[in-house]
Each structure stands twice: as C-alpha cells, then as structure tokens.
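Given chain A's structure and the hints, the job is docking chain B onto it.
First to last, the sequence lines map onto chains A and B.
Just so we're aligned, residue 5 is where the first sequence starts under the working numbering, counting upward by one.
Just so we're aligned, residue 24 is where the second sequence starts under the working numbering, counting upward by one.
Hints were generated in silico from the structure; no laboratory data involved.
Do not rely on the hints blindly, as some may be mistaken.
Each computed BS3-like pair below joins lysine-lysine, with the alpha-carbon atoms no more than 25 angstroms apart [what the hints assert, rightly or not]: (1) B:94 to B:45; (2) B:81 to B:129; (3) B:81 to B:91; (4) B:80 to A:15; (5) A:61 to B:129; (6) B:91 to B:129.
If you anchor each label on the Cβ, the simulated ranges turn out as follows [claimed, not checked]: (7) B:102 to A:69: 43 to 53 angstroms; (8) A:86 to B:80: 33 to 43 angstroms; (9) A:42 to B:50: 20 to 30 angstroms; (10) A:7 to B:38: 33 to 43 angstroms; (11) A:86 to B:52: 30 to 40 angstroms.
A few chain A residues that don't get close to chain B, going by computed Cβ distances all over 12 angstroms [what the hints assert, rightly or not]: (12) 12; (13) 17; (14) 19; (15) 21; (16) 60; (17) 67; (18) 71; (19) 75; (20) 76; (21) 77; (22) 79; (23) 86; (24) 114.
A virtual CB, placed ideally from N, CA and C, is assigned to each residue, including glycine.
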Amino acid sequence: DAGITQSPRHKVTETGTPVTLRCHQTENHRYMYWYRQDPGHGLRLIHYSYGVKDTDKGEVSDGYSVSRSKTEDFLLTLESATSSQTSVYFCAIKTGGYEQYFGPGTRLTVT
Amino acid sequence: GENVEQHPSTLSVQEGDSAVIKCTYSDSASNYFPWYKQELGKGPQLIIDIRSNVGEKKDQRIAVTLNKTAKHFSLHITETQPEDSAVYFCAATSSGGGADGLTFGKGTHLIIQP
Numbered sequence: 005d006a007g008i009t010q011s012p013r014h015k016v017t018e019t020g021t022p023v024t025l026r027c028h029q030t031e032n033h034r035y036m037y038w039y040r041q042d043p044g045h046g047l048r049l050i051h052y053s054y055g056v057k058d059t060d061k062g063e064v065s066d067g068y069s070v071s072r073s074k075t076e077d078f079l080l081t082l083e084s085a086t087s088s089q090t091s092v093y094f095c096a097i098k099t100g101g102y103e104q105y106f107g108p109g110t111r112l113t114v115t
Numbered sequence: 024g025e026n027v028e029q030h031p032s033t034l035s036v037q038e039g040d041s042a043v044i045k046c047t048y049s050d051s052a053s054n055y056f057p058w059y060k061q062e063l064g065k066g067p068q069l070i071i072d073i074r075s076n077v078g079e080k081k082d083q084r085i086a087v088t089l090n091k092t093a094k095h096f097s098l099h100i101t102e103t104q105p106e107d108s109a110v111y112f113c114a115a116t117s118s119g120g121g122a123d124g125l126t127f128g129k130g131t132h133l134i135i136q137p
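Isolated chain B (complex conformation):
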C-alpha cells in the first residue's frame, strides 16, 4: 500500500518568513495530494490540493508543488502570520476520484515566532 513520509516534524519560523513542508510517497499510481491544517481540538481543514496532472498550484500565500518523477510534493507558505501556527498534514491517494481513503503523513507542527 501507499506510504507517505513527512518532514520536518516541527518547524519554527519568524513571522513574515516562508515555511516549507515536504512529503514523499511510495505508490507511483497516486494521483491526488491534499494538504490539511489542523488547529488544536478541531478536525483537519483542507487548505490546498494538487492532482497528478499539475506541477504547481497556488492560492494566495499558499502553494503546493509536485514532482512525480521523484515522488515528492511540498507545501510552501509565504509571509507567515501567527494564525498559520498549526499542525499540517500531507496525504496521498491513488483513487482520487474513487472510493479509497487517504494515506496521511505524520504531521508537521508549524510554529510562527513573533
């Protein structure tokens, strides 16, 4: 089955700087890669996603890049703000439009230092 590795487990950056979180996956058939943000006591919130036919996607300060050859994808957050502090999870699936669930990385705790 799919295996998703995520790093770093903790990332501390100064407010206003950029943050990058990286994930690798094992199943070359994976075709959908979402990113979730989870605040304490809440459910994961989908913040951005990318499909395998696209190399990069951007939404305001957040961007995701995908390298299918190397089987890795990354989340980029620019101009970080205190409200960006949370745990971020990457995920992958080979059944993007089908029934199968997601395989998640173990999460990155992003800390924005004032």
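Chain A on its own, in the form it takes in the complex:
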C-alpha cells in the first residue's frame, strides 16, 4: 500500500456526531487525496492537499473538512455525520510522477 495507513479501518457512529479519519504516509509525498467509494458511483474525490496547510475541494466536498498540519498526516473530518456519508473512504498519495497509490480504506457506517 505504498506506505499508507488509514485509521480507523472500521467505524460505526450515530447521526450528528463528529468523526475524524486519519491517513498517514511514511514517504513524505507532497500530494494527498481523500476519495469515497459507493456502489454505482466508483470513487469520487472529496478533498486533496498539495502541501502542509494547502488543501482544496474535490467533486463531493460538502459536509467534509480536511487538515494537514504535517506532511505525513491528512485528516478528514465529518463535522456532523449523516447517513448519506456511510461509505468506504480511501486515502491516496501521488508519488513524484503521475501515479496515485491508495491506502486500505476505512469503512464508515452512520446509523
């Protein structure tokens, strides 16, 4: 998994609670990404980062925020989780070229 870990790997939470997912990389790559995967939709980009404290929105950013205070960590926060945010969340990094490599994913269930 290109030195990418995600935590937690599974989480069940209640509607309205805040949730933070963590992506950690060991190789100091500049670009990091959060995607969500839902049946029938493939993977869709939520937010991405191009450096410490430098982030931007993706296709489906509503209801999500991100932070990157260190090169190795990229956090995804759901301020108030909703059932529509039940999904599998993948972090990815881009290496020095064009390639993106994905982490193992976090399965989030909002009840």
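Using the frame of chain A, we list chain B on its own:
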C-alpha cells in the same frame, strides 16, 4: 469538469480468453489515464497507466490503448486467469503531474469462468 464512462459494468469470460474494458472521457485536456484493480475488501491497486503522448502500453498480459481523437481508452487482458477476477476502474485527469485528483469510471466486475 471531466466525466468518465466505463463499460461493460459486468464482464464474464472463460479462463484463457481475452477481456476488454472500454472507457470514454469528456475533457480533451486530460493527459493521464490509469487503470486500477480492486479486490474485495482492499484498496484500488494501480495496474497500468498511459499518458496522452503514447498510443499503447503493454505489461505482460495487460495492455492499454488510447485514442485521443475519439477520447477513449481501453484495457486488454490476454490469457485470463482466475486471479484476474476483480473490479477494474479506469480514471482520467488533466493534471497528471499536478495536484488535481482523478475522475473514475464506475467500474467493471470481471468474472473469470473456470
């Protein structure tokens, strides 16, 4: 923004036969086209990619072709084996060397029949 269409959604082939998955994209500025394989419960795994300055790329039993004029690209798997069974995703981006993320197709479930 970019839109990527992928078909078929399900493909069943006999072991040893070839499989072809096709994708079309909408943004003529797209310059990088990767393919991912995803097994159940795992993250997508990059298996092959192609840049817009190349028409074809091959890696053992896997090949990708790109037609920029028609804005479509395809994944070809020859001599299929049971371990090729998985979901395959195509993707595209106009920022291959930059920060922007990938736009994905919705996936093809490839089933290899013994």
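Now the hints, each set against the structure:
no. : hint                              : result
1   : B:94 to B:45                      : 11 angstroms, holds
2   : B:81 to B:129                     : 23 angstroms, holds
3   : B:81 to B:91                      : 18 angstroms, holds
4   : B:80 to A:15                      : 40 angstroms, violated
5   : A:61 to B:129                     : 21 angstroms, holds
6   : B:91 to B:129                     : 21 angstroms, holds
7   : B:102 to A:69: 43 to 53 angstroms : 47 angstroms, holds
8   : A:86 to B:80: 33 to 43 angstroms  : 42 angstroms, holds
9   : A:42 to B:50: 20 to 30 angstroms  : 23 angstroms, holds
10  : A:7 to B:38: 33 to 43 angstroms   : 34 angstroms, holds
11  : A:86 to B:52: 30 to 40 angstroms  : 34 angstroms, holds
12  : 12                                : 15 angstroms, holds
13  : 17                                : 20 angstroms, holds
14  : 19                                : 26 angstroms, holds
15  : 21                                : 25 angstroms, holds
16  : 60                                : 7 angstroms, violated
17  : 67                                : 18 angstroms, holds
18  : 71                                : 17 angstroms, holds
19  : 75                                : 14 angstroms, holds
20  : 76                                : 17 angstroms, holds
21  : 77                                : 18 angstroms, holds
22  : 79                                : 17 angstroms, holds
23  : 86                                : 23 angstroms, holds
24  : 114                               : 20 angstroms, holds
The structure does not agree with the numbered hints 4 and 16 stated previously, though it agrees with the rest.
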